[in-house]
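Participant: Chain by chain, the residues:
Protein chains: 2
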Amino acid sequence: MSRAQQQFKPIPQTPPALPGNPATPEKVELGKQLYFDPRLSASHAISCNSCHNLGLGGADAEPTSLGHRWQHGGRNAPTVFNAVFNTAQFWDGRAKDLEQQAGGPMVNPVEMASPTEHVAEQLKGIPGYGVAFAKAFPGEADPISLANVDKAIAVFEATLITPNAPFDRFLKGDAGALSPPQKEGLALFMDKGCAACHNGINVGGGMYAPFGVVERPGAEFLPPDDKGRFMVTKTPSDEYVFKVPTLRNIALTAPYFHTGASWDLRQAVAVMGSSQLGIRLQDPEVTRITAFLDSLTGDMPKVTYPDLPPSVATTPRPQP
Amino acid sequence: MSRAQQQFKPIPQTPPALPGNPATPEKVELGKQLYFDPRLSASHAISCNSCHNLGLGGADAEPTSLGHRWQHGGRNAPTVFNAVFNTAQFWDGRAKDLEQQAGGPMVNPVEMASPTEHVAEQLKGIPGYGVAFAKAFPGEADPISLANVDKAIAVFEATLITPNAPFDRFLKGDAGALSPPQKEGLALFMDKGCAACHNGINVGGGMYAPFGVVERPGAEFLPPDDKGRFMVTKTPSDEYVFKVPTLRNIALTAPYFHTGASWDLRQAVAVMGSSQLGIRLQDPEVTRITAFLDSLTGDMPKVTYPDLPPSVATTPRPQP
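Chains S and H, in that order, give the protein sequences.
Counting along the first sequence from 1, when you hit position 232 you're at 231 in numbering that gives the first Met the number 0, and nothing is skipped either side.
Counting along the second sequence from 1, when you hit position 251 you're at 250 in numbering that gives the first Met the number 0, and nothing is skipped either side.
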């Protein structure tokens with residue numbers, strides 16, 4: 000247990016504060032409305048929750064998400080749960096925090112596809128949001144802005160944490176919280192080297208690593224045209240480097256990898272063994288590691304579905 | 000007030016029972032999960048809530064909904080709120096109740112597009128649903144069936160009622176619940192003839208009527224190729240006949256008409272006056288009637304977002 004306590008940390012009971020973006024009940028509530036509001040998309044049919052579904056472990060059930068005009072996104076949608084604890088956002092870390100991330104999909108042409116300047120215009124056309132933004136950002140002359148949209152969504156997302164997983168209870172000293180196979184899986188997870196990257200509070204999410212560091216996995220898992228973090232940094236050593244994903248609630252968020260090409264957590268574990276560690280994990284080892292990963296499922300956030308302010312005659316309409 | 004009390008009835012505080020489909024907490028909870036589960040669609044991206052969004056007055060913000068492969072539905076999505084009180088479901092009444100309605104969009108090729116036999120197969124591939132169906136339908140040998148999916152969704156939908164609208168409080172004797180313009184609007188609504196069709200508990204939803212009975216509206220509101228209930232009954236007198244929609248929460252559910260072609264409630268009121276009653280409502284009359292319609296917005300149901308049982312390696316995958 001003490002070895003695990005050195006490498007991992009439990010999810011706290013209460014959401015962390017975001018620097019420079021204090022949470023108030025009004026801002027969290029506004030962020031929740033925005034998170035669920037499909038009118039942030041050009042079509043008025045896609046919301047943050049479409050791809051980061053609070054009922055599906057904070058992700059979706061797709062290899063890559065369906066966006067505007069049924070286009071597929073480039074990479075598997077990462078879970079929003081506990082994302083606040085990641086060192087950066089997106090598979091390539093191109094957003095430094097939740098706030099910077101929130102603005103991305105809204106204006107990405109293959110995702111929600113809103114023109115950047117349209118987001119605030121759309122919301123200004125919905126009278127109820129005028130009231131809600133004024134309460135969430137008191138004293139501001141023009142509170143409905145894309146920057147404030149990002150801030151409100153970020154403070155809501157920061158509430159989406161999943162404490163009290165069996166592994167968290169174990170880390171806090173409850174030796175019986177993990178079953179014997181789960182404890183064996185945890186020992187393997189540390190001994191084999193998984194925890195070299197998947198560590199910390201999010202059992203991942205804290206660093207970058209090349210995918211295929213020892214042995215290149217098949218092209219279905221590592222397609223040659225997605226060079227990962229290289230596309231952000233343009234540094235040759237960042238080719239095929241990705242953010243190490245969190246393994247929190249991993250049993251809820253199939254399919255796996257940045258391609259979403261594996262539907263089987265056991266397969267994903269085996270591929271990680273060969274590609275990252277250069278080892279062939281035996282079936283019983285995969286079973287135990289997977290049992291340990293099951294212990295990372297925490298309490299899901301309880302979210303009451305928000306009432307969204309209604310559109311009126313002058314509200315900008317969905318675009319085809 | 001007594002005249003209104005003869006023509007309308009308040010929404011009750013508690014959901015009505017469904018004949019032959021008793022509600023239990025387990026069945027309601029299962030129905031809620033199914034209502035929000037996009038894996039009931041072929042793409043795994045569209046749920047009941049996509050088009051009957053609990054945050055948007057139980058409808059969506061589209062003229063006609065976006066379905067499988069970005070296809071548009073044929074008619075504007077009606078609200079799910081208080082639908083249990085309608086005499087039949089769909090704009091053409093082709094489903095006699097919620098249970099019969101629930102099965103429609105799941106297997107409609109332009110909506111959720113699941114092959115009929117696939118719905119139960121999909122759910123049987125998600126282990127958590129085995130447990131949930133067994134609890135909701137105790138004693139059944141094979142509880143995961145399309146018929147039981149429909150039943151569970153129906154009992155959940157029956158909980159989606161919106162009591163305590165100002166108009167309900169007025170009907171129960173609180174004369175101050177309506178403002179003076181709203182009372183004038185109510186009087187106009189009854190005097191001019193609106194209440195001949197829009198009456199009862201749902202202020203509509205209780206009968207069928209030809210659209211354009213006095214004067215045919217423009218083709219944007221009444222396109223010639225949608226003959227409405229005629230397509231169900233094949234009776235010539237049912238050409239361009241539609242179910243009279245509920246006006247409950249109408250201020251929340253723009254756009255209007257079966258085409259969703261009007262985004263302006265005032266315009267919709269004026270079109271109804273000319274097409275159905277043969278009168279040109281004056282601007283101040285439209286203002287008052289619209290004020291009355293605002294009084295039909297009730298308390299939205301408080302729904303906690305459900306945790307959906309996770310997919311596993313053997314769960315059937317989304318279809319392109």
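Each hint should be verified, as a subset may be incorrect.
In this list, chains with the same sequence are indistinguishable; a pair is considered to hold if it fits within one copy or across any two.
[As the list claims (entries may be wrong)] List of simulated lysine to aspartate or glutamate pairs, DMTMM-like, C-alpha gap at most 20 Å: (1) K123 with D263; (2) K191 with E284; (3) K233 with E28; (4) K233 with D173.
These are calculated hints, taken from the structure and not from any lab test.
Participant: Work down the list of hints and note, for each, if the structure agrees.
Facilitator: Verification of the supplied hints:
1. Proximity of K123 to D263 under the C-alpha cut-off of 20 Å is restricted to the inter-copy arrangement: shortest distance 17 Å between copies versus 44 Å within a copy.
2. In this homomeric assembly, K191 and E284 come within 20 Å of each other (Cα to Cα) only inside a single copy, at 10 Å, whereas the closest approach across copies is 77 Å.
3. When the C-alpha separation of K233 and E28 is checked against a cutoff of 20 Å, the pair qualifies neither within a copy, at 39 Å, nor between copies, at 50 Å.
4. For the identical chains of this complex, K233 and D173 are neighbours neither inside a copy (46 Å) nor across copies (69 Å), given an alpha-carbon limit of 20 Å.
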